[in-house]
Structure formats: C-alpha cells, structure tokens
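J.: Taken in sequence, the protein lines are chains A and B.
For the first sequence, the positions run 1 to 179 when my numbering is used.
For the second sequence, the positions run 1 to 110 when my numbering is used.
If you are wondering where the hints come from, they were derived from the structure by calculation, not from laboratory data.
Don't be surprised by glycine CBs; every beta carbon is placed ideally from N, CA and C.
Careful, some of the hints might be misleading.
[What the hints assert, rightly or not] Residues on chain A that point at chain B, a partial pick, calculated with CB under 10 Å:
{"no.": "1", "residue": "R7"}
{"no.": "2", "residue": "L22"}
{"no.": "3", "residue": "Q84"}
{"no.": "4", "residue": "N149"}
[Said to hold, decoys possible] Derived, one-sided and incomplete: chain A residues facing chain B with beta-carbon distance under 7 Å:
{"no.": "5", "residue": "I11"}
{"no.": "6", "residue": "A20"}
{"no.": "7", "residue": "F24"}
{"no.": "8", "residue": "T30"}
{"no.": "9", "residue": "I151"}
{"no.": "10", "residue": "N153"}
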Amino acid sequence: MNTFLSRANTIFAFTLSVMAVLTFGCFASTFLNDNLAHVNIKTAKPIVKNMPDYSVSREKNDLGFITFDLRADLNPIFNWNVKQLFLYLTAEYVTGKNVINQVVLWDQIIKRGDNSILDYHGMNPKYYFWDDGNGLRANKNVTLTLSWNVIPNAGTLPKVMGSGSHSFAFPESYASNHF
Amino acid sequence: MNVLLDLLPSSVKNLPTFMDFEGQKRAERTFQVIIVLFAAVGFVWGYICQQFSQTIYILAAGFLLSCLLTLPPWPMYRLKPLQWQKARVEPTEAEVTAPPSGSKSNKKKK
C-alpha cells in the first residue's frame with residue numbers, strides 16, 4: 001500500500017474477489033429453479049419409406065417423415081443467470097432390435113431476449129428420422145418430447161425434459177420412393 | 001530511468017508522492033468499504049432488474065471511484081507523517097583518527 005502500483009494491485013485483486021463472490025451469489029439465487037415448462041406437441045402426415053442411406057451403407061433402412069406443431073411458453077425459465085436455451089425434439093420408440101431408440105429430429109437455440117413463446121405449425125424436422133433397421137413401419141408408439149439445456153452465466157448446466165409429450169403411429173405400409 | 005527523472009522540472013520533482021502509515025491504513029479501509037458497498041447495491045439492483053451485467057457495471061463504478069480516491073497520494077493521507085529524529089552531525093574522519101591533543105595529554109597526567 002506504500003506505492004501507487006501496490007495500491008493498484010491491491011484494489012484490483014480485491015475487486016476480482018468481490019466479483020467472484022457476486023457471481024457465486026447469482027448462481028446460488030437460481031440454483032433451486034426447476035426450469036420446467038409445459039409443451040404441446042402434435043404431429044401430422046406420418047409417412048415411412050424404405051431406402052438406403054448411402055452415407056452409411058447400401059442397406060435399406062426405414063426413414064420416417066412427419067410434420068409437427070409445437071406450442072410452449074418458455075419465458076418463465078429465463079432469469080439473470082440464463083443466457084440461452086438449447087431446445088431439442090426427441091423421438092423415442094421401441095423396436096425388436098433395441099429397447100430404447102432416441103432420435104433428435106429438430107433443435108433450436110433461444111437466446112435471452114428472443115421470442116420465447118413457441119408457436120410452430122407444420123414444421124419439418126431438421127434432421128433425418130432414420131431407424132437403424134426396419135423398426136419404423138407399423139410402429140404403434142413413437143413418442144415425441146421436447147427437452148432443453150439451460151446455459152447459465154455461472155453454475156451448472158441443467159438438462160430438463162418438458163412436461164407433455166405426444167405419441168403417434170407410423171402407417172402399416174411403405175410409401176413409394178417416387179417423390 | 002533516473003536520467004529521465006532528473007530532467008523533470010523541480011516543481012514536479014518536489015510533489016509529495018508518499019502516504020504515511022496512518023494514510024495507508026485509511027486508504028485500504030476506504031477502498032474496501034466502497035467496493036463492498038457498490039457490490040451489495042449492484043447485487044440487489046441486478047436481482048431486481050434480472051440483469052447480472054448491471055451488477056458488474058456497478059461494481060466497476062465502485063472500482064473506478066476507489067481508484068480515484070485511494071491511488072493518488074492525496075493530502076488527506078499525509079496528516080500524520082513520522083517524526084524523524086534530527087540528523088546528528090557526524091564527526092569528520094580526521095577528528096575520529098586524531099582526537100584532540102588536549103585530551104591525550106590529560107590522560108597521561110593521570
């Protein structure tokens with residue numbers, strides 16, 4: 001504290017320590033939030049085709065096509081410790097081959113300040129709905145859920161599944177491969 | 001560096017740059033109080049408007065204010081300077097090696 005530079009060093013170090021305490025306080029004030037929200041999902045036009053995914057092999061696998069509607073109000077999740085949400089729509093189903101199949105069909109980043117009231121109609125998935133075999137045709141129970149990662153300023157990275165899911169069935173027969 | 005410092009005009013060189021011990025203590029206490037106060041206010045305000053950036057800006061304001069108040073050696077930190085003893089007049093080298101002849105003769109007489 002006897003020279004200009006030693007005082008500057010002390011003030012700076014003290015400020016950084018206080019800033020760390022504030023950041024921890026910000027984390028602690030939001031630690032108990034459950035980050036839950038209700039989601040309405042609907043699907044339409046489920047079609048299943050049997051075609052080869054040449055990026056993997058020449059074998060033919062089932063490829064599902066759907067469009068979906070999504071309604072959710074995610075505004076209550078945002079607070080001073082949330083920078084953005086990473087949403088992803090997962091299809092989960094059972095086949096003879098695997099007990100659990102999970103395919104991410106669509107995702108979206110919502111930054112704080114963006115419109116956080118989702119209201120989508122007739123959306124196409126972003127990613128292909130490939131099965132690793134022939135498990136989609138006549139599958140009676142494919143369940144869609146919306147989940148999200150909460151990206152904070154400081155603290156943990158919660159992964160939450162929205163309440164509300166939607167189940168649908170794929171048709172009994174393959175659609176023709178002619179578009 | 002010292003060559004450059006020697007080039008400064010004497011009015012600049014004579015500026016006091018020190019803080020006394022009491023002043024250093026007061027300066028440290030001052031910036032601690034200011035920064036903690038701004039941090040507390042910033043935390044509450046950031047929580048109210050749900051913007052953590054506001055908290056950081058208010059803390060930065062406290063940092064700047066405390067820098068302004070305690071970095072330069074203001075006169076208020078020089079109120080109790082140390083009272084040094086007056087410099088003693090050291091005897092010159094000639095006097096040390098050759099004490100006055102008068103005292104020598106006195107010893108011999110004893």
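J.: If a hint holds in the structure, say so; if it doesn't, say that too.
T.: Now the hints, each set against the structure:
Look at R7/A: its Cβ gets to within about 5 Å of chain B, closer than 10 Å, so that hint holds up. With a cut of 10 Å, the hint placing L22/A at the interface with chain B holds, because the nearest CB-to-CB distance is about 6 Å. Contact between Q84/A and chain B, as hinted, is not supported at the beta carbon level, the nearest pair being about 14 Å apart and thus beyond 10 Å. The interface hint given for N149/A is broken, as the beta carbon of that residue sits about 19 Å from the closest beta carbon of chain B, more than 10 Å.
About 5 Å separates the beta-carbon of I11/A from the nearest beta-carbon of chain B, less than 7 Å, and the hint is met. Checking A20/A against chain B: minimum C-beta separation of about 11 Å lies over 7 Å; hint violated. Because the closest C-beta pair between F24/A and chain B is about 11 Å apart, greater than 7 Å, the hint is violated. With a cut of 7 Å, the hint placing T30/A at the interface with chain B is violated, because the nearest CB-to-CB distance is about 10 Å.
Because the beta carbon of I151/A sits about 13 Å from the nearest beta carbon in chain B, more than 7 Å, this interface hint is broken. A distance limit of 7 Å between C-beta atoms decides the matter here; for N153/A the minimum to chain B is near 5 Å, and the interface restraint holds.
Of the hints listed earlier, those the structure fails to meet are numbers 3, 4, 6, 7, 8, 9, in rising order.
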